[in-house]
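Participant: This is what each chain is made of:
Number of protein chains: 4
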Amino acid sequence: MTTRHPLPIGLIGAGRMGSFHAETLARRLPGVRLAAIADPAPGAARGLGDRLGGTTAYTEIAELLADPGIEAVVIATPARTHAGLVEAAARAGKAVYCEKPMAVTLDEADRAIAAAADAGVPLQVGFNRRYDTGFHAAHEKIRAGAIGTPQLLRSLTRDPKPADPGRIPPWTIFLETLIHDFDTLHHLNPGAAPVEVFAFADALVRPDFKDRGLLDTAVVTIRFDNGALATAEANFQAVYGYDVRGEVFGSAGMLTMGDIRRGHLTAYGPDGIAADCVTYDQDLFHDAYVAELADFTECVRTGRAPSVTGQDARAALSVALAAIESVTTGGPVRVGGIAA
Amino acid sequence: MTTRHPLPIGLIGAGRMGSFHAETLARRLPGVRLAAIADPAPGAARGLGDRLGGTTAYTEIAELLADPGIEAVVIATPARTHAGLVEAAARAGKAVYCEKPMAVTLDEADRAIAAAADAGVPLQVGFNRRYDTGFHAAHEKIRAGAIGTPQLLRSLTRDPKPADPGRIPPWTIFLETLIHDFDTLHHLNPGAAPVEVFAFADALVRPDFKDRGLLDTAVVTIRFDNGALATAEANFQAVYGYDVRGEVFGSAGMLTMGDIRRGHLTAYGPDGIAADCVTYDQDLFHDAYVAELADFTECVRTGRAPSVTGQDARAALSVALAAIESVTTGGPVRVGGIAA
Amino acid sequence: MTTRHPLPIGLIGAGRMGSFHAETLARRLPGVRLAAIADPAPGAARGLGDRLGGTTAYTEIAELLADPGIEAVVIATPARTHAGLVEAAARAGKAVYCEKPMAVTLDEADRAIAAAADAGVPLQVGFNRRYDTGFHAAHEKIRAGAIGTPQLLRSLTRDPKPADPGRIPPWTIFLETLIHDFDTLHHLNPGAAPVEVFAFADALVRPDFKDRGLLDTAVVTIRFDNGALATAEANFQAVYGYDVRGEVFGSAGMLTMGDIRRGHLTAYGPDGIAADCVTYDQDLFHDAYVAELADFTECVRTGRAPSVTGQDARAALSVALAAIESVTTGGPVRVGGIAA
Amino acid sequence: MTTRHPLPIGLIGAGRMGSFHAETLARRLPGVRLAAIADPAPGAARGLGDRLGGTTAYTEIAELLADPGIEAVVIATPARTHAGLVEAAARAGKAVYCEKPMAVTLDEADRAIAAAADAGVPLQVGFNRRYDTGFHAAHEKIRAGAIGTPQLLRSLTRDPKPADPGRIPPWTIFLETLIHDFDTLHHLNPGAAPVEVFAFADALVRPDFKDRGLLDTAVVTIRFDNGALATAEANFQAVYGYDVRGEVFGSAGMLTMGDIRRGHLTAYGPDGIAADCVTYDQDLFHDAYVAELADFTECVRTGRAPSVTGQDARAALSVALAAIESVTTGGPVRVGGIAA
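Chains as they are written, first to last, in our numbering: chain A, 1 to 340; chain B, 341 to 680; chain C, 681 to 1020; chain D, 1021 to 1360.
A couple of the hints might just be wrong.
Claimed, not checked - Result set (DSS-like, lysine-lysine): computed pairs, CA atoms no more than 30 Å apart in a straight line:
hint : chain 1 : residue 1 : chain 2 : residue 2
1    : A       : K210      : A       : K161
2    : C       : K841      : D       : K1181
3    : A       : K141      : C       : K841
4    : C       : K821      : B       : K481
Unchecked claim - Coverage of chain D stretches by chain B, computed from C-beta distances (three or more under 8 Å per stretch; other residues unrestricted):
hint : stretch
5    : 1046–1052
6    : 1161–1167
7    : 1274–1288
Simulated from the structure, these hints should not be mistaken for lab results.
Backbone N, C-alpha and C fix where the C-beta goes; we use that ideal spot for every residue, glycine too.
Here chain A stands alone, though its shape is the one from the complex (with noise of 0.2 Å):
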């Protein structure tokens, strides 16, 4: 496939991450163009493409998809859209970045992966921790064997506050923030898979919402076919700020990764020692998501396989499907059919 230059894009979604890629797509990245913006909400592609100038604006998605302009698209839509999305623009000849989770059942991440894998088109997913240096080194370090064999590992997310819970479907905090955790728990143990899983979870943020199905505190724990045992913790309103940190513990030392602080001012007063945290996602994985972008255009470019597959997305979804069942049956579950 030989590819235009610049590498005309489409983005589908024009909401809060959208537009962050919007961004990136316009103006970080050499060598690409944001062509197009489809958002089903009125003025909201046309509205994002006015502000970064010259961008075909679509409120049907379908349209931007049969746009013979656009090589690839960026999916930032709803969750429970996008695998058929990851479908649709496969089908239709585009090379796919989908942002997780790239599909919420296993039927739909095959169907999702098939299409891709027909289409002969690259499908890659937006684990963006994997582009956060610290992350990146880790797993460099670790596949190099500078902490010999995995044993014990940690990833945890705890967002500034939660959304609004009205909208917020069920099992939100497995499938769309501990999915990033499941990802990184597998990418640093690597050639290991994950066999059994024990959840516990709970509404204690809002526990008013917790009739509703809403989780917003999660303990799980996996067993990985290498003996290793992770544990993943999630929480969605943490005071001091937006905190991700993992830990690898090995054979042979550990890795921690993480930055809460923010910045490099600290201040000594009669009270102590003050510094101050990280507040916000974007800001914390800022470099990460235009690394992530790079990384996909550049392999769409170059016909290079993506490093973050749909397979990954598969992983780490059957792992916050067992977090689920575990849930729901109060006992730990099996996971199966992971390759490493």
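Here the structure of chain A is known, so what remains is to put chains B, C and D in place on it, guided by the hints.
Facilitator: Showing chains B, C and D alone in chain A's frame:
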């Protein structure tokens, strides 16, 4: 009870922990006298006593318990003997400090607690981390509401290297190592009781001993009756040193504790930044070990009730036993009958 | 002055710093266009322009200054040429951003400042550390009184390795390196002026170049008119990386700034704790370089006065010249005529 | 010299520092006996001795020196009396430990050193930071070549609050506070001697006492004969606590020392990250104070020469006197005759 001055204390057990306590009693605590040491191993009590000067040595523990010149005992024998010695010492009218675990069955624990109550003697248990300045200050802050209601807790213990696997009884990781973490989690979630436990454990450090029931790596998750979810984690071989850390995340903030770093020298060179790790537990908790014995002797002297009680030991044991049952059955286990 | 959109900017100097600014102007700043590049070195402007796409290239700086399509210039040539170019650019009616040092004599500085004033064009100087989030926040806090009156200040610069000693003019360490620290100390002690300077300097990195007047290690102490005592320190070869730090101690507290650590990955192994150092200045101050050009272009666009002025450059230069005189005479030197 | 066991030591001076040493001698050092205390203040020696139990009390220092039951003395009186007491104690045949500064003139220093040499008694000086684990390890690493040749050094002391200004003699900041830093800089630049000193000093904390010669803020720069440039910095009122830090930058790396942080509890809340500061010197250097007396008593017992000598005290004093002269004359001052 009027006590003599200096307070005459008898030490039972002249092994590693006993030797450390002996030195504290002989040299670091004003108002205290190490009056006698008992250890069945020939020469052990005598050798230790000679090094410290002027201490009676017994090879029969019963003789020490019968010695009317002894007002209080410090029990630092192998774990399986603790509860029986607590009972015997209490019946002999001695104030009792007992190393953790105080007991390895709930029945034993109940008998030990009852014996001390019947005899009207103080009974304190060696959860030394409660006396570490960081963990202690965390407890004070949490009680004062500084982080609101605890929602997610973590406590971990990683030893630098395993004891001789041939000499470790099965379930040691739960009964002797994680017992500290179970107590920490209970202590840092004041007023709450554990209700459900799930554990994964394995022999990752010494897989060759797995068929003898020796487990060296474990992750335990605990649900408390205030909704808080906790994780306790242990491993017997951290190549970088002795790693004890805690984290309590609450509705109004987070506290972290633990000090892997030894000292305050930092080196910067072509390979980056380097610092030393703490490598030995008596170094990490040196001051805490002294503080707990100081607190114990003050209880004896003043009649004040100990701040780490037999009930605390029983609560931690309940979690340990539930974790063992969880590993055995493969499912979550309810914890019953623990007063907050 | 009404400005065109996007603002057409001409870059003078296509060396290391110029290339970095070129990329910022071409790609990272919305509302800006890198319209032309001038560099006397054959092919330098053309090569850089081609890499970035669609930029006019000049080998005669005068041609760029005569280009009516250029509204503002960024001067990134060798230090000794700065002041003359500021004058020429101002006379040509261009808004001027000039890399530090703006001048190497006070006369030059005065002429450059006067030229910009006469022409009514904004003149901004490249003290990029003022745009670093940590140093910037420190300034804000100090102005707000957070640490009371500054009493002891420190600023240091250590470069990873020296430039080719054969190509460094004498006094470079004061005029081009420590000039940053002199500005930082002035900026973090708001409202105060330096009154006396004493300097020690030596050739410790390359003693073989000492007889050619090349100094690579210096410590400068400065007394300010509010009593504050400050230290500026520089060295040309820090084997561990690029080290820029600041410290301000005041009557009500202390602030520290500076980030030797690169990233947030920490490794723990048998040799202790390890982390990486920052090794390259454009990495450390990447965002600050972008922010200062964004600020400059906003000044051009809005007519607002620059926040880092020719007077700031002159103040830092006064301290540099006093330090040079101190090294030459071996005694302390009074600094005259600097407005706070 | 054969010494008695436990070694009978006499303490001279029952003030703040003396009381601390008394407790160390009485309780923390095996093989040592606090045999007598002398203090001219009525009741001071008696009160302290009674608290510690069984110690002879003198109000005449001469009586203690004449006591044949005393083998060694610890001098912890006001600074101006030290040298005379060292002389007297040495003449009385006692091994001598003297708090810093050992002397406040070079003549005094020489007489004290000579007296100890003539009497053949060990003379150790209280530069306790050499016994702090961090500073000690830095010294070892530097001697082993870990950072190559030292090029830039820094040592600072900031006290939490000034002593009663009415009771501080002039030049205290140099003779009693910075004397520590001068020793640290000398010690961390092994084999090198200070050759030139320049000092700025002022009364910024208590300007109302400036006309009485009380200075509370100082920055001293020192040039060593190996080219290294050093800064010593002091202030009498750090509102955040007790701040002692060091930094040595060399041709092959850098070391930093110093621990402003108290404990290992970190709090994260809506206002960011918070931790406590060290606030009191006997806390910060508690272990170092004990270690130096342990080292001294070992010297007495074994006949080994002390590791912190009268010559070390003289070297630090030379720098202090040069700094005082620099403040007086306003210019740099040569330091003469210091053996490395």
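Participant: Next step is simple, just say for each hint if it's right about the structure.
Facilitator: Hint by hint, here is what the structure shows:
Restraint check for A:K210 and A:K161: the C-alpha separation of about 17 Å stays at or below 30 Å, so the hint holds. For the hint pairing C:K841 with D:K1181, the CA-to-CA distance comes to about 41 Å; that exceeds 30 Å, so the pair is violated. Taking the CA atoms of A:K141 and C:K841, the gap is about 27 Å. The hint holds against a cut of 30 Å. Between the alpha carbons of C:K821 and B:K481 the distance comes to roughly 28 Å, so the proposed pair stays at or under 30 Å and holds.
By the rule of at least three residues with a Cβ nearer than 8 Å to a Cβ of chain B, the coverage given for the stretch 1046–1052 of chain D holds, with 3 such residues. Counting residues of the stretch 1161–1167 of chain D whose CB falls under 8 Å from any CB of chain B gives 3; the rule of at least 3 is met. Evaluation of the coverage hint for the stretch 1274–1288 of chain D: fulfilled, as 12 residues show C-beta separations to chain B shorter than 8 Å, against a requirement of three.
The structure is inconsistent with hint 2 alone, although it conforms to all the rest.
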